[in-house]
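**Student:** Now for the letters of each chain:
Number of protein chains: 4
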Amino acid sequence: MAKIKTIGVLTSGGDAPGMNAAIRAVTRAGICNGFNIKGIYRGYEGLINGEIKPFTTENVSGIIMQGGTILKTARSKEFTTPEGMLKAYETMQKEEIDALVVIGGNGSLTGAKIFAAEYDVCCIGLPGTIDNDLYGTDSTIGYDTTMNTIVECVDRIRDTAQSHERIFFIEVMGRDAGFLAQNSAIASGAEAAIIPEESLEFDQLARFMERGIRKSKKSCIVIVSESPKCGALYYADRVRNEFPDYDVRVSILGHLQRGGRPTARDRILASRTGVGAIEAILQGQRNVMVGVRNNEVVYVPFSDAIRTDKPLDMKLIKVLDELSI
Amino acid sequence: MAKIKTIGVLTSGGDAPGMNAAIRAVTRAGICNGFNIKGIYRGYEGLINGEIKPFTTENVSGIIMQGGTILKTARSKEFTTPEGMLKAYETMQKEEIDALVVIGGNGSLTGAKIFAAEYDVCCIGLPGTIDNDLYGTDSTIGYDTTMNTIVECVDRIRDTAQSHERIFFIEVMGRDAGFLAQNSAIASGAEAAIIPEESLEFDQLARFMERGIRKSKKSCIVIVSESPKCGALYYADRVRNEFPDYDVRVSILGHLQRGGRPTARDRILASRTGVGAIEAILQGQRNVMVGVRNNEVVYVPFSDAIRTDKPLDMKLIKVLDELSI
Amino acid sequence: MAKIKTIGVLTSGGDAPGMNAAIRAVTRAGICNGFNIKGIYRGYEGLINGEIKPFTTENVSGIIMQGGTILKTARSKEFTTPEGMLKAYETMQKEEIDALVVIGGNGSLTGAKIFAAEYDVCCIGLPGTIDNDLYGTDSTIGYDTTMNTIVECVDRIRDTAQSHERIFFIEVMGRDAGFLAQNSAIASGAEAAIIPEESLEFDQLARFMERGIRKSKKSCIVIVSESPKCGALYYADRVRNEFPDYDVRVSILGHLQRGGRPTARDRILASRTGVGAIEAILQGQRNVMVGVRNNEVVYVPFSDAIRTDKPLDMKLIKVLDELSI
Amino acid sequence: MAKIKTIGVLTSGGDAPGMNAAIRAVTRAGICNGFNIKGIYRGYEGLINGEIKPFTTENVSGIIMQGGTILKTARSKEFTTPEGMLKAYETMQKEEIDALVVIGGNGSLTGAKIFAAEYDVCCIGLPGTIDNDLYGTDSTIGYDTTMNTIVECVDRIRDTAQSHERIFFIEVMGRDAGFLAQNSAIASGAEAAIIPEESLEFDQLARFMERGIRKSKKSCIVIVSESPKCGALYYADRVRNEFPDYDVRVSILGHLQRGGRPTARDRILASRTGVGAIEAILQGQRNVMVGVRNNEVVYVPFSDAIRTDKPLDMKLIKVLDELSI
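Protein chains in written order, with full-length UniProt numbering: chain A, 1 to 325; chain B, 1 to 325; chain C, 1 to 325; chain D, 1 to 325.
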């Protein structure tokens, strides 16, 4: 393989706070180690269409604390087709981009894995997703910020829940992973969490009700993981039907969970993995995601990182149960 | 009228950040001036049912920065009936409460006005509502905090709106008053606000579209005042139908707008009007709302305060129009 | 006077949160009304040295929520000399700048007043200072944000003060004006404020001690206005000497009071006065500061705005006294 | 050893955000598992003097999000003497406290270790310190919050540093450990950190200057770990002497670093280790600190936890160097 001179960086999929800190780290560590850096706009779309700009340290100045991504992001259907991948590869050749740093979640790293296998290009992934559903890293870039945003929102809602003595079902993001719901429930002192990982037989709402909603407590907060089938509105309706004397409200936190200044921890994770991506390239690593485990930077093969079974710690259910008595 | 010895304080209607600071101010200034203070729970409900507790300075210690209301709040249907008012009056006699300080919004002060007229009791109102729809005071307790909460949420949503280049319709509280929508749109740098005060003929969304959504801008934010008829979901659907190539999203901020630590300004307003309520009683004032106008504490007769025509400053529409080019 | 075609905008003196929102408003409202806008860097220094750049709406995009000033700021000694003013005037002629919008505090507006008198140029001022010491406007741009920053810091310090049962003297900015100290003391529930406006005979610390520090309270917070002679360190030493069994600590908040995202209110004030500056120019106004009084935009002659006697509301001392019992 | 029926809980040493969440977790998990819980006030002082109160779940309601410690805290000299320890032991017998949960840092756990050895009592420690200097746990309760507080302050100071083009030396807590300085420097995008762990020969300030302060950058931020010998003031003076044309400022963040609402992560760590303390007692563990490593709850013998050599990750220096170019 020829020596790598130019590295392209892109953000892809759902945006996450800390992506800018990652772009900054890749750019600065890259330049510091003698590489040219090119910013690719709108994820794989921009790679296909050639929306690309050379980056200097100036381009990433003052962005470490900004939410969102200055490179924009998108979900590219075209990149999932052979024609799209070919165009992307041709852009790389035309722009003389030798390696790609992809900052994104499960879908984006899956794309990188297939692209790298097909065209034998060097792809390095960074775990950029609020969902924390990538395997091989203790946390993903954006997860800590989103968790704190949720907790701050729940703190606010509790003020009004207690004042009016209401039951609130609060729906949070997380797609198929309950990390955000489970952990933000513990952190916010919520009374219960309803998460996709627990089995259907084990009806969480029923269990919660058996324990007696508002037994001694006058108000209560239930965190619900978003779900196409049964989100917060569904559970609120069920409680309203079965317990008509409760004053039940719903809050769907929505897109505000994606934005905001990244926390210290997300900025550090983004900085370390960004520097780690350049080190990986220098070491001749290919097609790995850079993560942090046990406070050490690690390289995780794409196929491991995107395994769909990152397990939720079931002991956390016990923690929530004991602390919400 | 007999000398006032004991003052009851209650919060009523929708909760607002700063209500606790107001309870603290009434209690401490009252005690400081020789009165007994009694806390009445759950608004007029507690006055009817006798949920009342003597308050010392200790009861209000450490609450100035807490959202919600330690006295709880409720909307009382019973208090709108002659029987309910009679019970409330009897509780006052039994508890030897000579004067009532009511912290609440339009509905709560209307209740106080009728009660005071019917039973010749001394009622003093404090403007406690996030809606800013009381006449005679430059601001209401809670309005500044809620506006800052909204602006913080919009700042977050803009991060993701820009990253994905989307149009967001963000629905905010305010009931029949557009203060929150109009001012938070200016403060957040939104592209437009849709408020109930503007006439139907003058279609705000159409005007906004004529000016060309996303003309030069790739993303855009529209703040929508909540409304039973046509909220953010309605406008989003209209845009989706008429402009199918736009990526449109909706965020309904909901109850988190009610909570949170009050801002400095709301704490000061609550403290000054709380002290002002006790001064009003010492001066023999009755049946007035305490407000702050032009940085001076003022007493506003209930009938003036609850006038339904507090006007929105139409010049602000020009400010928003010029600054969102 | 010739028709005004090009407007220069600069920020001068100590920076204040909301200055960027003001630059944005002047630029956009100016362009919207047909003017050319030029950004002048580093205050009057840049006017003297010709550090000037044409501004489009793009230059001020995404800055409404940023602290500091993108135009940089400085205190210019040279501009206080006749030679400096002449150079500044020559730059204006060379750059064809017909009017100047100066965003700054007392010193900066004094400079504008003298310059405007000397060279017959159109100067419009915006009240940009955290100190709130300009006459004719209810508030200055930055004051509300700084007050909230202080209150947030005091909230934090109270946590540790109570846990360790200590007396804290917290020094805040404000130069010769006690607005920040007095109002942040009320808003944070502090036990006392020591401000420059109260007379020396009336020893505030002595009064505070007579009332009995920590009588019933175990911890206590005193807000001290910065002062060359006797700041927080001085008072802490006095208490340590006279009351050796107290555990006394000092916190000097310092420059963090100047930064941070502006509050909703500062952004709105900056937006309204920025639009007002352009309106003033269109109306043929000259040499006035744009302020907001009683919720109306007003034009205040420079000589009035910089009067040194903006009075502190002495009733606020009573509010603080009664509420800290 | 007799069966444990009653558990006492105390906080000791410097307060840290999240201590209340830990008290809540110990209390609720304790009660949930059939123990009696007693709250001990003012750390070991209260154990010596018998300042003790039975705790129900109500006592810890609504405290998960509060900074500081409702149990108060102190550094007890008396407890370091044999007489003090004896008194503490006698109180435990009198109050029938069978086991002690100590929430604190290095000094507090050292005290627990000696006490447990001397009197054969069951002591369980929780890592409650902002300094992150305990061995065997990935993080300590309070560290994440303090790091975020510092980063927020630096974000604010950068606004004014950039506007005025100044060099700021910002002093942060951390005693003999540079974790806070090193990591907050990375997270805030600071240009350098000066930490106690690096050797004296390797003069960090000199290195920083050689690289050229303000080479291309007009403003710069240096984070300095507090130190009795040479803090931020010392370094600022050196730079002022050697580079008199720089505009150098100092900010000592001080006690505000200790307070504030705990972050999600600190609340979760406190909740998990608090539940873990009760599990440890149920399992018959004694004289261990409960920590979290690699996302698993672990028990660390006191003698390991208080080892003084918890190493700073020297790779982080490289991260900071590469990213501040």
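Hints may be right or wrong, so weigh each one.
The list makes no distinction among identical chains, and a pair is therefore deemed to hold if it is satisfied within one copy or across any two copies.
Stated by the list, open to error - When the alpha-carbon atoms are kept at most 25 Å apart in a straight line, the in silico BS3-like pairs for lysine-lysine are as follows:
(1) LYS94 <-> LYS53
(2) LYS5 <-> LYS310
(3) LYS318 <-> LYS3
(4) LYS77 <-> LYS315
(5) LYS5 <-> LYS318
(6) LYS113 <-> LYS315
Simulated from the structure, these hints should not be mistaken for lab results. No experiment lies behind these values; they were computed from the predicted model shown.
**Student:** All the hints need checking, so say for each whether the structure fits it.
**Tutor:** Structure-based check of each hint:
1. Proximity of LYS94 to LYS53 under the C-alpha cut-off of 25 Å is restricted to the intra-copy arrangement: shortest distance 13 Å within a copy versus 36 Å between copies.
2. Taking CA atoms no more than 25 Å apart as the test, LYS5 paired with LYS310 passes in neither setting, with 35 Å inside one copy and 39 Å between copies.
3. Proximity of LYS318 to LYS3 under the C-alpha cut-off of 25 Å is restricted to the inter-copy arrangement: shortest distance 24 Å between copies versus 52 Å within a copy.
4. Taking the shortest Cα distances, LYS77 and LYS315 never come within 25 Å of each other, neither inside one copy (39 Å) nor across copies (39 Å).
5. For the identical chains of this complex, LYS5 and LYS318 are inter-copy neighbours only, at 22 Å across copies versus 51 Å inside a copy, given an alpha-carbon limit of 25 Å.
6. In this assembly of identical chains, LYS113 and LYS315 lie within 25 Å of each other by CA distance neither inside one copy nor across copies; the values are 33 Å within and 29 Å between.
In this structure, the hints that do not hold are numbers 2, 4 and 6, in rising order.
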